[in-house]
Amino acid sequence: MSSNHEDIKREQIAETVDGWTHNGPFHRRPSFRILILVILFTAFGVWAAVFFTDKIMPSILSSQMKSVHDTIIFFTILAAPVAALVYAIAAYSIYKWGHGHGEQAPPDGPPMRENSLTTSIWLGASTILVVVVLVWGMTALSSENQGQLRPVTIDVYGQQWLWTFKYPGTGVESNQLVVPVGRQIRFVVTSYDVTHGFWPNSLGVQIDANPGFKTYITADPNATGQFAVRCSQLCGLYHAYMDANGKVVTPTQFSSWLVSHGASTTSANAYALGGK
Amino acid sequence: MSTTALLEDTKLGPKAGGLYRHQNFLTGILTGGVAMFLGWLVAHYTVQNNANWGSDMVVTVTMAAWVVGFMAGIGAFNAVFRWMVGHDQDHDDELYAAGVSQGWRRYFKFCTDHKVVGTQYLVLVMSLFAVGGTLAMIIRTQLISPNNHLISPQTYNAVISIHGMIMIIATIIMVSGPWANFILPIQLGAKDMAFPRLNALSLWLVVAAVPPILISLFIGGVDSGWTTYAPLSVQSPPGQDAFAITIITFVVSVTVAGINTITTTMTMRAKGMTMGRLPIFVWGSLVAAGLGLYAMPAFLAAQSMLLTDRVVGTSFFAPAQGGAGWLYENIFWIMGHPEVYVILIPGVAAAMDVASTFSRKPLFGYKIAVGAFFGLGALALMVWAHHMFTTGWAPNLADPWMLTTELISIPTGVFFLVIIGTLWRGSIWTRLPMYWVYLFLWNFIIGGVTGIYLSDVPADQYFHGNMFVTAHFHYTLLGGGMIGATAALCYWFPKMSGKMLNERIGKLAFWVIAIFFQVTYFGMFWEGFQGMPRRIAAYAPYFHSANLIATIGAYGLFLGWVILLYAIIHSWMNGKVAPSNPWQAKSLEWHISSPPPLENFLVDPIVTSDPYTFGEGEPMAPAKQPSPATVGSTEGGAH
Numbered sequence: 000m001s002s003n004h005e006d007i008k009r010e011q012i013a014e015t016v017d018g019w020t021h022n023g024p025f026h027r028r029p030s031f032r033i034l035i036l037v038i039l040f041t042a043f044g045v046w047a048a049v050f051f052t053d054k055i056m057p058s059i060l061s062s063q064m065k066s067v068h069d070t071i072i073f074f075t076i077l078a079a080p081v082a083a084l085v086y087a088i089a090a091y092s093i094y095k096w097g098h099g100h101g102e103q104a105p106p107d108g109p110p111m112r113e114n115s116l117t118t119s120i121w122l123g124a125s126t127i128l129v130v131v132v133l134v135w136g137m138t139a140l141s142s143e144n145q146g147q148l149r150p151v152t153i154d155v156y157g158q159q160w161l162w163t164f165k166y167p168g169t170g171v172e173s174n175q176l177v178v179p180v181g182r183q184i185r186f187v188v189t190s191y192d193v194t195h196g197f198w199p200n201s202l203g204v205q206i207d208a209n210p211g212f213k214t215y216i217t218a219d220p221n222a223t224g225q226f227a228v229r230c231s232q233l234c235g236l237y238h239a240y241m242d243a244n245g246k247v248v249t250p251t252q253f254s255s256w257l258v259s260h261g262a263s264t265t266s267a268n269a270y271a272l273g274g275k
Numbered sequence: 000m001s002t003t004a005l006l007e008d009t010k011l012g013p014k015a016g017g018l019y020r021h022q023n024f025l026t027g028i029l030t031g032g033v034a035m036f037l038g039w040l041v042a043h044y045t046v047q048n049n050a051n052w053g054s055d056m057v058v059t060v061t062m063a064a065w066v067v068g069f070m071a072g073i074g075a076f077n078a079v080f081r082w083m084v085g086h087d088q089d090h091d092d093e094l095y096a097a098g099v100s101q102g103w104r105r106y107f108k109f110c111t112d113h114k115v116v117g118t119q120y121l122v123l124v125m126s127l128f129a130v131g132g133t134l135a136m137i138i139r140t141q142l143i144s145p146n147n148h149l150i151s152p153q154t155y156n157a158v159i160s161i162h163g164m165i166m167i168i169a170t171i172i173m174v175s176g177p178w179a180n181f182i183l184p185i186q187l188g189a190k191d192m193a194f195p196r197l198n199a200l201s202l203w204l205v206v207a208a209v210p211p212i213l214i215s216l217f218i219g220g221v222d223s224g225w226t227t228y229a230p231l232s233v234q235s236p237p238g239q240d241a242f243a244i245t246i247i248t249f250v251v252s253v254t255v256a257g258i259n260t261i262t263t264t265m266t267m268r269a270k271g272m273t274m275g276r277l278p279i280f281v282w283g284s285l286v287a288a289g290l291g292l293y294a295m296p297a298f299l300a301a302q303s304m305l306l307t308d309r310v311v312g313t314s315f316f317a318p319a320q321g322g323a324g325w326l327y328e329n330i331f332w333i334m335g336h337p338e339v340y341v342i343l344i345p346g347v348a349a350a351m352d353v354a355s356t357f358s359r360k361p362l363f364g365y366k367i368a369v370g371a372f373f374g375l376g377a378l379a380l381m382v383w384a385h386h387m388f389t390t391g392w393a394p395n396l397a398d399p400w401m402l403t404t405e406l407i408s409i410p411t412g413v414f415f416l417v418i419i420g421t422l423w424r425g426s427i428w429t430r431l432p433m434y435w436v437y438l439f440l441w442n443f444i445i446g447g448v449t450g451i452y453l454s455d456v457p458a459d460q461y462f463h464g465n466m467f468v469t470a471h472f473h474y475t476l477l478g479g480g481m482i483g484a485t486a487a488l489c490y491w492f493p494k495m496s497g498k499m500l501n502e503r504i505g506k507l508a509f510w511v512i513a514i515f516f517q518v519t520y521f522g523m524f525w526e527g528f529q530g531m532p533r534r535i536a537a538y539a540p541y542f543h544s545a546n547l548i549a550t551i552g553a554y555g556l557f558l559g560w561v562i563l564l565y566a567i568i569h570s571w572m573n574g575k576v577a578p579s580n581p582w583q584a585k586s587l588e589w590h591i592s593s594p595p596p597l598e599n600f601l602v603d604p605i606v607t608s609d610p611y612t613f614g615e616g617e618p619m620a621p622a623k624q625p626s627p628a629t630v631g632s633t634e635g636g637a638h
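Protein chains in written order, with numbering that gives the first Met the number 0: chain A, 0 to 275; chain B, 0 to 638.
So here's chain B without its partners, still in its complex pose:
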């Protein structure tokens, strides 16, 4: 704690931080609003005098102006600007930017401290889940009876599209946002991320990206699903333009964050932290970041081309002018498949670390787990067209796509081997984080097995585009990825907040979520077998009972998440103070106080083994007593 005190009390010069002193979330919104208005004004009057441009141009310019204005208003460009005019920031400025002596206010600023960014990410992710979850409740309520008129078909299409995209955004950042920013640098023994300003930039870009997609609901909506398949999306209402601005902004954020995670892992490791000693979570984050760097720009390309089709009349995807919807579908899924592993892998990796700590055993098959991450990452680049089995594009390629897709079950199977191998003969400590690992196993294997049916072209001709697919990917992304992320949340919550999570409420939430999750998606599998297509606002009466089951399950599931949210807020405010190492775990973050001080380590740690030395005697060298003479090895022979 003394470092915190030291740095908190540091007397910064009266003008340290310069313009940063006056910038926060609120000034960002105000500047963004003004920019939005100016953008609208200019675009509106330009459009009036130009017959070729329409409302799409107005929406695009307005939304882009919001993003730039918000980022400028919160101070994202200050440092770059000062550098350009030859007034580079001095040390006091940097400390100010890292949040020194600003108390809670730093959480509403463009703060470069990786722990502040991680916390901001966590709150952002939970807010996005709240929005996406509420939209899901609207969808399920609409489907409670066959011909419900709760919302119009137009609104329904907009709601499912925004539900999908908000959830995809939230799940992409749900582990790599909070935990790869907060925990990963500490696990490496680093003082911060490699690029603290880019770190803050990546967070606030996501914040800037959210309003356009929400506004899209009120300007006609997006009516072509989160996939926004062309040519339907070329003809969509102006909501599609706002959607595209959201995606473009978000992709920049993910790219920036990915570069940061990779560079941090490669260059910021403490002495002795060899690649072979990295916690598995770091490996997972690393592979996911690399995969994101490959995948996400394709989304930017797809949406940019779509935007130019709509705004300035290009014809990449317009069949009447020689374009093709298949082109869009290909570019989209070149992003879309790797993206699901960007979502999944960090969650799986976190679950592995939790499994090791709560089985009191070394991670089983560390090397093969790392290999599986890379294998999955490599395969992810070669499977995209299995989303297009029934589109009629390149039918002769069905066999190779089937091969690469089915090969995925080998690295995925390794995940299970690693976790059950870790459980095997362990001393299972059934604390809350471990509960989620068991739920992860249960759900993710159902998600995996149902994926095998979909990988088979003949069977996919029945299941494609039907509710079976919806149930399948919710089992993998929500049941696997998000449950893994919840394990991570319960595991690292004490470190992040300095408070213990209330396990009694947490376990209640667990059981509600675990049970109603099965009910919800059992209903959806049922619908899928019956032959109900996805994304329909009304259905034939014989789908009713399955839909009723799914809707009841969904309400329960929502309730479960609300209970968990209550546990988090309640514990954050009134929880028991957490010790530095409540789980008696061994990775570096547990060697420093909860929450950690600015710059994390008083003395640079020296690492002598990996964090999986359970049952092997000597743990990692404590952070406070570096003893270079300590002998240890990766294999961790008993002393």
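Chain A extracted, bound-state conformation:
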């Protein structure tokens, strides 16, 4: 569109605006008040994200769970201003440009059909945000997928409505998931019957247990503590009760736990302390 055309349009708008004596706010720039609203809404959004991740989510027991926390906060910092802008303009429009709810429609507003600058900024900003979000996600994903030498492999079996964990080489089989801190854990997951969702929640990883296939996921526990293993895929009657207890312990505790569950001391030590 030629700039000449734009000018004519602007003139037309200015004329129309001048025709409406009651529409004072057209002449004032609303940007300042909207900015205040944006800041307020943004602050609230970020506070909510920090509150939820810090106070509500289960504790961080692995680097993957740390990455979940960071992602939520980082994405909120990116998204909150956009949401805040929409809210601010919406709120401001009622407050400043509201014309009540009479039977008759208020006089027409200015015929602004498009504004290529606003549109370009909006599209540009959302594209940049997408790229940032994507790079963040890909970076986190690739660091999660970095295999370490000699991870601790645990075989996970789902069945209606029970988890079984096997610690290969030690002969230990348990309904409790115990993992050593500081070692990479490689879960090899499958199911005996229908699809289940293996979700050790504080480890921040999740993978389905599919009958007939093995799936893999790695977690890097970095703190000791308790967590819950839940089933995240509807699996029939007692899906709600398909929980297991999980624990991240030190390698020495892990080794003695294995021994107390029937492993020989040699195999337990080789398995639990193998990397060292």
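Do not take every clue at face value.
Stated by the list, open to error - In silico lysine-lysine, DSS-like type, Cα no more than 27 Å apart, as pairs:
(1) B:Lys506 to B:Lys190
(2) B:Lys585 to A:Lys95
(3) B:Lys575 to B:Lys506
(4) B:Lys190 to B:Lys498
(5) B:Lys506 to A:Lys95
(6) B:Lys585 to B:Lys270
For the record, the hints were derived by calculation from the structure and aren't laboratory data.
Got chain A; can you put chain B on it based on the hints?
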């Protein structure tokens, strides 16, 4: 009104309509019932003599017989049959089928008038919401305490599955049913839809599809969620067979309706109604219809394969015989993701039109809004596996799926730009329809932002399959799509019913819904952050407070919808008579009486500009005074 009178008084021949004269909803149910019984009889005795077939066969045949019997009983096949035997319908027959001189009875018949179909759709959608909403209340009541025994786990699974599917059916047709049938042809300047009989067919197919899914609750239920993931669904009780018949019937309906909407838009536009002058609602309906045509058949395929797995022993999804659950999941989500945009886009488009009318401003960025609809539609085809990030299927594809999924935020962002750009410096007329646009903005952005967390594979490994997802998609589909549809309802209610909607009760409903909506899903986000999985009938005690909040919110939300329903029924019966253009809007439907007469326009309208000429002088040429000489342009320069 004179046309109505004219056509209402038209003396049709005594036998006009033929068999149609004796067919209605009741004969449909009776014929369907008889067919159901015969189907059951045949299947039951066949099964007794054949060791390979079981109760699944009986249920499938019985339910399919119901659908065919009901459709035959209501007269869906009459015209086709008459054409086949060389007795094609004459003009009187067609007028009879369109409901001429039948008064209220036409609302219970296989009626080809697009306005009757639209009204029937509206009532059907509200009934489905009532059923789905009641089921939601059962779910929330079950979850009011950690180990509640209100209903058994088996019933609970059935209830959540049917709640999900009924709501999906209702939301898919909530805008494209009532408004794309009632309003869209008038907005184009057409006398009816392109295929009036297919229009009636699409409506009654949905009606036929409802009983099987409700019956499924009483024959063991569906215990695998509305997604019916295999292999669990292969082993489900016979309720799953009835569910599959419902889906297959519904998909045929959506496909037929989609073809009708697209053909109508492409071929039935009035003189001067160029594609560039279409109201944005038409564009939204068009894209959603096209997307539905692509997506829904995949659901038909998934459920048909599941049905043959169960009934005749194929093994598409049975791992023991070489099948794979991942296959089902892929086919399902090839439908499942585009389907959410089929739900969403018409609601967004309607909200845009409402925003323009009540801001007294042209729609901001019309072209880019159309582009966003197409962009979203195109992206929707390439994102399905983000529902499968944690299934273990194709982990190497995580990055590309993440890319396509996150790109969706660009066209979605455009929706916000268009609406806030329209609000910007407008003359905001705060009537009831506009309230819902503000609520739409509020909710849909929360739905959108929470979607970004889910699009990120590492974060999704925490949130997948947990209540966070439930809260997220309720914010988008209920908070975005359905609130947009409610804006459409309040906006077009006067045109459809000829009565004004009671705004005092309507605004009360608005505030109750707006507030309790936030309470309900705030509770669910809380549950999700805490780590509560979806679809569980009992939970650990530390989830209790969040669940209590969600349950209290849900009761309030339900109450809000009941108040709105009361406002609708009350106004429909006793409301103030609506003028032809209560909102002083500019699209064609506001140029004819409320409710519009049969065949809508006395004189074919001639369109000289788009309907967004607020502040630009010359509106669209009035329908009654066609003046081909009128000069206008899409850009609508001031006169």
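Against the structure, the hints:
1. B:Lys506 to B:Lys190: It is violated: about 34 Å lies between the C-alpha atoms, which goes past 27 Å.
2. B:Lys585 to A:Lys95: At roughly 25 Å apart (the allowed maximum being 27 Å), Lys95 of chain A and Lys585 of chain B satisfy the hint.
3. B:Lys575 to B:Lys506: Holds. Lys575 of chain B to Lys506 of chain B sits at ~17 Å (cutoff 27 Å).
4. B:Lys190 to B:Lys498: holds, 22 Å
5. B:Lys506 to A:Lys95: The hint holds at about 21 Å.
6. B:Lys585 to B:Lys270: holds, 17 Å
Comparing the model with each earlier hint shows a violation of hint 1 alone; every other hint is respected.
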